[in-house]
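Chains as they are written, first to last, in my numbering: chain V, 77 to 288; chain L, 77 to 288.
The reader is advised that the hints may include incorrect statements.
To be verified - Rough simulated footprint, nothing fancy, chain L against chain V, three-plus residues with beta-carbon under 8 Å: (1) 221–230; (2) 247–259.
Claimed, not checked - Pairs of lysine to aspartate or glutamate, DMTMM-like flavour, derived with a Cα cap of 25 Å: (3) Lys162/V - Glu215/L; (4) Lys94/V - Glu224/V; (5) Lys156/L - Glu215/L; (6) Lys94/V - Asp159/V; (7) Lys162/L - Glu224/V.
What the hints assert, rightly or not - Pair by pair, the computed Cβ-Cβ distance ranges are: (8) Ala258/L - Asn130/V: 28 to 38 Å; (9) Gly104/V - Asp249/L: 25 to 35 Å; (10) Glu82/L - Ala203/V: 30 to 40 Å; (11) Ala196/V - Asp90/L: 17 to 27 Å; (12) Gln157/L - Ser252/V: 18 to 28 Å; (13) Phe206/V - Gly118/L: 50 to 60 Å; (14) Ala203/V - Asp90/L: 31 to 41 Å; (15) Arg98/L - Arg129/V: 15 to 25 Å; (16) Arg221/V - Lys162/L: 20 to 30 Å; (17) Asn130/V - Gly118/L: 39 to 49 Å.
Quick caveat, the hints were computed from the structure, so don't treat them as lab data. Just so it is clear, CB atoms sit at the ideal spot from N, CA and C, and this is done for glycine as well.
This is what each chain is made of:
There are 2 protein chains.
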Amino acid sequence: MARRSEHTREQLHDLALKAAGRIVAREGISALTARRLAAAIGYTVGSLYLVFRNLDDLILQLNAQTLDELHGQAREVAEKQPDPRKRLLALAGAYVRFAGEHRHLWRLVYEHRQPARLPAWYPERVARIFALIEGALTELAPARRPAEIRQAARALWSGVHGVCVLAMTGRFDDSSETAVQAMASLLVSNFLDGFVATARGARRPAARRRVK
Amino acid sequence: MARRSEHTREQLHDLALKAAGRIVAREGISALTARRLAAAIGYTVGSLYLVFRNLDDLILQLNAQTLDELHGQAREVAEKQPDPRKRLLALAGAYVRFAGEHRHLWRLVYEHRQPARLPAWYPERVARIFALIEGALTELAPARRPAEIRQAARALWSGVHGVCVLAMTGRFDDSSETAVQAMASLLVSNFLDGFVATARGARRPAARRRVK
Chain V
77 MARRSEHTRE QLHDLALKAA GRIVAREGIS ALTARRLAAA IGYTVGSLYL
127 VFRNLDDLIL QLNAQTLDEL HGQAREVAEK QPDPRKRLLA LAGAYVRFAG
177 EHRHLWRLVY EHRQPARLPA WYPERVARIF ALIEGALTEL APARRPAEIR
227 QAARALWSGV HGVCVLAMTG RFDDSSETAV QAMASLLVSN FLDGFVATAR
277 GARRPAARRR VK
Chain L
77 MARRSEHTRE QLHDLALKAA GRIVAREGIS ALTARRLAAA IGYTVGSLYL
127 VFRNLDDLIL QLNAQTLDEL HGQAREVAEK QPDPRKRLLA LAGAYVRFAG
177 EHRHLWRLVY EHRQPARLPA WYPERVARIF ALIEGALTEL APARRPAEIR
227 QAARALWSGV HGVCVLAMTG RFDDSSETAV QAMASLLVSN FLDGFVATAR
277 GARRPAARRR VK
């Protein structure tokens with residue numbers, strides 16, 4: 077076990093963040109206390125407060141780390157797929173897989189109560205994941221305005237997120253990875269078919285058209 | 077405050093369930109303990125175990141009560157809307173509204189760890205809500221097989237659910253009721269456009285078609 081003062085402040089910060097990630101990944105957020113974390117890295121609780129303002133600050137940084145990991149996987153998937161429709165389906169698949177593999181860390185990203193004013197570096201982490209989705213949507217429907225693309229990306233990804241949430245809490249008859257992936261694909265394909273068709277100005281029967 | 081033995085077993089059951097609903101609605105699930113509930117209705121903790129097997133049994137019955145309430149509101153909305161597309165949009169709107177108004181009770185329905193073997197009356201409560209969605213989808217795309225309709229209903233509603241989850245945890249820039257309703261509508265309309273178009277055998281460019 078490491079001893080006090082063996083590390084620089086920056087090293088201590090990184091060490092603590094990694095250890096926090098391991099604790100949450102294995103046991104969920106309820107296991108993460110300052111005392112437990114300090115013990116895990118062989119430092120005092122006081123030392124943690126040299127590098128994190130409080131537990132909320134630490135969790136926000138942990139969530140940023142999870143988002144970076146998700147972004148890395150998403151970008152890798154996206155780079156392999158020049159076709160924007162296939163790319164969006166692959167991104168949804170990567171999201172479902174990530175949620176299943178990093179269950180506790182993924183839950184923490186959206187369940188943790190965030191401070192009223194987020195530091196600027198946090199929304200940037202979210203934005204660069206959405207940039208991948210928005211990029212593909214723009215390629216699919218180039219006539220759409222940026223605000224429409226932005227809104228569509230959020231609506232679609234909330235949907236994919238919902239599939240993951242219900243899968244995680246065992247609310248489907250079949251919560252196997254295959255079944256959940258199929259559910260996410262079904263949602264994404266139908267959404268994209270609709271999004272592209274209405275972008276092209278495809279006609280819907282008048283009675284339906286009025287609803288929009 | 078009621079005194080012991082003033083009620084029949086059935087009355088005690090209903091009294092406790094209603095009180096449990098009030099406690100959760102106001103303070104969330106963490107406030108619901110047997111002791112607290114017993115005190116709220118003026119009975120001993122032991123009396124509760126005459127009418128509920130345990131706290132999990134009580135929560136399952138409470139969730140069934142919430143689903144009944146949701147079903148009642150959904151059916152009312154559905155009955156007013158003969159057009160199936162408008163009906164699905166209205167049902168999504170009702171779901172978003174219900175989640176916002178009964179935040180804690182709604183969360184409990186999908187967050188509570190369910191027993192491995194659910195009593196038959198529970199999935200029936202879920203099924204009759206889905207029946208409203210499946211009915212409208214069948215009217216919209218009568219050529220689809222029942223299994224496809226069933227799957228589409230689940231994919232679409234997981235999506236609407238995801239919009240609610242992210243709205244509740246404040247993950248949208250704008251979490252106002254109007255903005256969240258717009259997000260849900262966008263998801264539902266695009267999905268339905270796609271679902272109806274592909275049901276009609278509408279052509280997609282070959283490169284895209286292969287993905288399905």
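Comparing the hints with the structure gives:
no.	hint	in the structure
1	221–230	holds (count 3)
2	247–259	holds (count 4)
3	Lys162/V - Glu215/L	30 Å, violated
4	Lys94/V - Glu224/V	38 Å, violated
5	Lys156/L - Glu215/L	16 Å, holds
6	Lys94/V - Asp159/V	36 Å, violated
7	Lys162/L - Glu224/V	22 Å, holds
8	Ala258/L - Asn130/V: 28 to 38 Å	36 Å, holds
9	Gly104/V - Asp249/L: 25 to 35 Å	28 Å, holds
10	Glu82/L - Ala203/V: 30 to 40 Å	60 Å, violated
11	Ala196/V - Asp90/L: 17 to 27 Å	53 Å, violated
12	Gln157/L - Ser252/V: 18 to 28 Å	35 Å, violated
13	Phe206/V - Gly118/L: 50 to 60 Å	53 Å, holds
14	Ala203/V - Asp90/L: 31 to 41 Å	50 Å, violated
15	Arg98/L - Arg129/V: 15 to 25 Å	38 Å, violated
16	Arg221/V - Lys162/L: 20 to 30 Å	26 Å, holds
17	Asn130/V - Gly118/L: 39 to 49 Å	42 Å, holds
This entry does not satisfy hints 3, 4, 6, 10, 11, 12, 14, 15, going by the numbered hints stated previously.
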